[in-house]
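Protein chains: 2
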Amino acid sequence: MIPAAVDPRLMANAIRFLSIDAIERATEGHQGVPLGMAEIATALFTQHFKCNPADPRWPDRDRFVLSNGHGSMLIYSLLHLLGYERISLDQIRNFRELGSHCAGHPEYDPDAGIEVTTGPLGQGIANAFGMAVAEAYLNAKYGPALVDHHTYAFVGDGCLQEGVGQEVIQLAGHLRLGKLIFFWDDNSITDDGSTVLSISEDVAARFRVAGWHVQEVDGHDFEAVSAAIALAKKDPRPSMIACRTVIARGIPRLEGQRGGHSARLFKEDLEATRANLRWPHPSFTVPDEVLNAWRDAGARHGGEYDAWHRRVAALPDKERAEFTRVIEGRLPDGWREALLAYKKRMADERVAQPSIQASGDITTLLTDILPEMMIGCADLEAPTNHKRTRFSFTAEEPAGTYVHCGVREHAMGAMVNGMAAHGGIIPVSVTYLAFSDYQRPTLRMAALMGLPALYVFSHDSLAVGKNGPTHQPVEILASFRAMPNILVMRPADAVEAAECWEVALEHRTGPSMLVCSKQTLPPTGRPYGAENLTRRGAYVLAEAEGGKRLVTLMATGSEVALALEARKTLQAEGIPTAVVSMPCWELFDRQDDAYRAEVIGYGTVRVGVEAAVRLGWDKYVGETGGFIGMSGFGASGPVDALFERFGITAAHIVAEVKRRL
Amino acid sequence: MIPAAVDPRLMANAIRFLSIDAIERATEGHQGVPLGMAEIATALFTQHFKCNPADPRWPDRDRFVLSNGHGSMLIYSLLHLLGYERISLDQIRNFRELGSHCAGHPEYDPDAGIEVTTGPLGQGIANAFGMAVAEAYLNAKYGPALVDHHTYAFVGDGCLQEGVGQEVIQLAGHLRLGKLIFFWDDNSITDDGSTVLSISEDVAARFRVAGWHVQEVDGHDFEAVSAAIALAKKDPRPSMIACRTVIARGIPRLEGQRGGHSARLFKEDLEATRANLRWPHPSFTVPDEVLNAWRDAGARHGGEYDAWHRRVAALPDKERAEFTRVIEGRLPDGWREALLAYKKRMADERVAQPSIQASGDITTLLTDILPEMMIGCADLEAPTNHKRTRFSFTAEEPAGTYVHCGVREHAMGAMVNGMAAHGGIIPVSVTYLAFSDYQRPTLRMAALMGLPALYVFSHDSLAVGKNGPTHQPVEILASFRAMPNILVMRPADAVEAAECWEVALEHRTGPSMLVCSKQTLPPTGRPYGAENLTRRGAYVLAEAEGGKRLVTLMATGSEVALALEARKTLQAEGIPTAVVSMPCWELFDRQDDAYRAEVIGYGTVRVGVEAAVRLGWDKYVGETGGFIGMSGFGASGPVDALFERFGITAAHIVAEVKRRL
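Protein chains in written order, with the numbering used here: chain A, 7 to 667; chain E, 7 to 667.
No false leads were slipped in.
Chain A side only, calculated, beta carbon under 7 Å to chain E, not exhaustive:
no., residue
1, Ala109
2, Gly125
3, Glu168
4, Thr196
5, Ala211
6, Glu387
7, Tyr444
8, Arg446
9, Lys472
10, Ala484
11, Leu621
Quick list of the computed label-pair ranges, beta carbon to beta carbon:
no., chain 1, residue 1, chain 2, residue 2, range
12, E, Arg394, A, Arg92, 42 to 48 Å
13, E, Thr373, A, Arg92, 46 to 52 Å
14, E, Pro644, A, Ser289, 19 to 25 Å
15, E, Asp154, A, Thr515, 55 to 61 Å
No lab work stands behind these hints: they were computed from the structure.
Computed from a predicted structure; not experimentally measured.
Think of the CB as a built atom: it goes at the ideal place given N, C-alpha and C, for glycine as much as any other residue.
Can you build the whole structure from these sequences, using the hints too?
Set out below in structure tokens:
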């Protein structure tokens with residue numbers, strides 16, 4: 007225990023009053039968490055947490071996640087008190103105002119000390135789990151002199167009711183992530199009132215069953231919490247510190263009550279709380295000695311910070327360059343050349359294969375070039391085939407780059423988001439497209455945060471065949487095209503798969519989806535060129551011949567082959583027909599008008615082809631344009647029979663075109 | 007124990023051989039489950055399970071869910087052996103062929119004895135949980151003479167790794183659903199191989215922590231399993247019977263192996279298995295004495311079936327009519343009148359209120375009229391306000407109609423699906439629209455099954471305000487409009503809310519979403535009429551005046567008010583402008599061409615208005631039409647500031663129209 011310069015109760019109250027002053031001013035907010043967890047936060051951040059507010063991005067900092075993100079004023083108060091410049095008192099005064107760094111829920115801002123966006127419950131602890139996996143891998147790979155930090159998360163009852171939280175408890179226990187430490191805000195209150203309404207399990211026992219180290223403490227006892235953290239850091243298992251707390255502690259009208267969660271605060275509440283806690287200071291005012299004690303706590307790892315930089319500087323040149331590259335998220339020399347060589351071979355040899363196999367090829371050839379690439383898969387190793395030469399990341403062998411996530415798609419998605427937010431990792435999630443629904447909340451969070459997480463999906467359409475409609479996505483492409491800030495890419499063959507990977511690896515401001523086929527795709531026959539045509543989103547794969555273009559067939563993925571086949575028939579009948587491959591709508595929409603017009607072929611008969619629903623296609627084919635695809639769910643049956651039954655064949659495309667000519 | 011006419015091992019082997027014969031013929035399928043769980047199925051279905059294959063829809067039948075749905079041949083073999091006519095030997099021979107009742111994964115077909123579609127792991131046990139809630143409520147309401155049955159589910163490791171499964175374990179334990187019985191197929195193998203790869207928790211202990219009755223048995227010991235079921239039925243807690251099994255038991259090459267899960271079977275495997283298990287019978291052939299024993303098992307509840315019908319027949323007329331109505335899913339007299347009276351009052355008094363409050367009003371006024379309506383809510387009782395006069399469904403008071411689901415949106419969605427599949431309940435799920443992502447897998451299953459489940463969402467747009475972008479749906483309307491067979495309804499005011507409810511209650515072939523506002527919506531001013539205009543999906547709310555229509559503004563929900571305001575300005579400037587309210591695209595798309603053309607106003611300047619992304623709007627406004635809405639995520643801030651910042655105002659609509667005139 008480091009002797010505190012001032013009474014830690016005063017330091018905790020500084021959190022309390024900054025928080026309720028801001029919440030009252032904003033007329034809304036959630037006081038329950040910052041007041042209930044003030045002592046826990048004080049114990050963690052003054053006694054244990056390793057950071058440097060002057061350099062919030064210090065790679066070897068401890069990570070902190072406020073998974074109960076509605077209690078956002080807790081983290082803003084903390085960051086301000088510790089000395090993170092971006093969270094100034096002015097920002098706190100503007101809590102919940104447009105443009106403030108102090109948004110309603112914490113928004114990913116590594117320069118401010120906010121490691122991830124939180125709010126939808128369960129996501130934060132699952133991100134924290136991903137950060138701990140990243141740390142364990144980097145620690146094993148580069149050694150503790152360079153990577154050795156903890157990941158802490160504050161957790162409410164809601165996070166532990168959400169399924170994703172339960173998945174994380176299982177998986178983190180299984181992987182024995184000893185540097186992952188949760189603080190459960192055990193206040194017996196949720197939004198609906200007493201937790202008696204909705205839970206009766208022994209939460210501590212539940213963690214123990216999953217192999218966690220569990221302690222139970224009074225969450226308002228600064229010294230007990232600090233001692234528990236010390237023990238948690240020593241234990242080789244992930245740790246959960248169950249902290250008994252009083253929600254909204256300090257506000258006479260609300261503490262321990264349902265309304266403590268987020269009932270509106272009024273001036274009288276502030277006055278009563280000031281009297282109750284003997285805090286005579288005006289709003290938004292922290293007395294100097296308390297503020298200084300907090301700032302000292304924030305600055306106390308300066309020595310470690312300097313020592314870490316000295317250790318990095320002392321590395322041999324090549325090692326330093328490599329470590330720095332990885333940690334800063336820069337791609338190495340050679341990655342593009344490797345991809346281009348693969349693409350050339352696929353083009354020259356006209357390789358026919360499932361695009362999920364091409365994606366597997368690519369991650370295999372990148373294994374040594376990108377040691378920072380980690381692949382998680384949800385119990386579909388064989389049918390997605392991305393493990394190959396990789397070995398497993400396990401408790402015993404944390405240097406492995408393949409994580410067997412079990413049938414836990416949701417935790418896996420949040421894991422890759424946490425890895426991306428942590429840095430030093432290029433994280434890849436692999437499962438079937440039908441199960442992307444289980445990950446949708448994490449894809450949304452990745453898009454919202456702008457995290458470079460890669461999501462690879464196989465079994466992307468009706469062509470799943472006999473496994474039937476539960477496994478056949480028909481609406482999922484459209485559902486993600488609706489989501490802002492995510493690249494939805496569906497390659498037509500192995501050549502485009504290589505291009506999609508090139509785009510995805512360079513894309514640093516949001517997640518990428520690679521939507522791949524189970525079935526073999528014939529090559530589109532495009533000759534090799536170093537230019538990445540997928541980067542334009544859509545391009546004329548085969549221009550009309552024998553006259554002015556009369557017909558434009560637009561397709562993605564496996565349906566490009568159908569469009570090419572239909573074109574052959576139409577051309578043979580003297581109808582000049584172009585085929586446009588559209589691997590990524592989002593990229594295409596960013597092209598200039600002239601390019602888009604040239605590709606789309608306004609004035610020609612336009613027909614879209616995709617074994618999925620039409621929603622969104624009107625943008626390219628026009629509201630009265632043609633579309634060959636699905637209008638409902640699929641069925642269980644052989645692939646050819648299904649495509650015939652649902653009318654997705656070259657013959658149907660030809661007929662549709664002729665009807666419109 | 008009922009003495010079996012023939013050796014139960016033979017009866018179990020009948021399941022095995024029907025299953026592998028079909029899988030080999032189909033060239034694909036999952037033999038692991040039917041062979042590993044054959045004795046368990048035999049014990050359950052010959053000794054305990056209450057059904058009548060001659061009347062698969064008998065309301066008081068026990069329910070069975072194969073949550074590990076990939077093992078579908080287990081249920082087809084069982085249903086055929088028990089005597090369910092629809093699952094004939096021909097159907098089994100056509101396993102996985104287009105049109106067969108024996109699809110790759112079981113597909114909801116109550117006439118065949120298939121209670122729910124399963125495949126995506128975890129969904130099945132969560133549906134079973136919903137069925138058990140339905141049973142507990144109906145049992146409390148109508149008494150055990152009319153409703154008294156068990157819900158059984160077969161569960162694989164994957165179901166227990168999925169978060170939704172964990173949510174169900176917590177909630178079913180909390181609600182002490184004593185008639186819910188799970189059989190865990192503890193075979194230590196998942197698709198990736200040994201379960202050691204991805205789980206190390208003590209699964210039995212995990213259930214115990216949540217308050218379940220747990221037994222551990224040898225899953226190949228028919229008598230032990232039967233005895234465990236008998237104990238499980240007696241215990242007041244939900245029960246989990248952990249059955250140690252050998253995956254693919256009986257196939258020499260595969261039993262106990264990773265390949266046992268679904269490796270391709272060949273003729274030689276069938277021969278080796280026949281020799282191994284001393285089963286000399288040809289493919290698809292069950293010896294008469296074994297088949298007869300199975301058929302006897304299927305028919306043995308005939309007496310109970312008759313007695314139940316006698317009890318129903320003996321009810322006083324009014325009670326019988328009411329019970330029969332509820333169980334058959336017919337609406338009572340008076341519901342529509344009550345809704346129309348509400349709608350009239352809203353129209354006449356021009357009530358301004360949040361549409362989520364209107365929805366709450368409506369469920370309140372229906373409380374007594376529709377005693378079969380049960381509402382689940384995920385810890386948002388206060389902000390969604392649908393509890394009101396209802397009381398809670400609890401272990402002690404199962405006659406309550408409001409289920410506090412805790413922060414478990416996913417389990418809640420699967421629960422309402424299970425209730426809808428069970429029958430006798432009009433199930434309603436309530437949460438924020440942003441959290442619909444957590445329920446998306448269940449909405450998809452409801453749509454796929456065509457279940458009449460109601461999903462009410464509040465906080466439907468940017469107007470969530472200060473809680474920020476995590477809580478502001480911008481892409482979610484489009485994402486569900488992409489989904490087949492679901493009505494996405496977004497009312498513009500309390501009048502339309504009443505109409506949406508009328509549509510939703512009548513809609514029996516798929517789920518309905520009611521997407522409601524947090525903020526107060528002004529009345530659109532439509533005068534009262536009994537006709538439900540929402541049933542047409544879209545309608546001209548305010549026709550252009552003073553000349554031929556030049557402009558058509560189309561909007562949904564809260565943005566209808568903005569469109570009306572813009573119209574006022576445009577009309578004042580002499581520009582004849584119509585406003586179209588579009589509460590439900592799916593219903594509008596079913597109208598005839600003439601009606602659609604009249605509403606859409608081809609040839610006029612068309613502008614869509616919705617505080618969400620454009621995807622899909624091109625269908626109505628044209629690919630070059632106008633749109634006022636979002637192109638990215640929202641932000642945290644006051645509502646007015648947000649709408650100004652993102653340009654969603656009447657002034658922007660007017661400007662957009664003028665730019666296009």
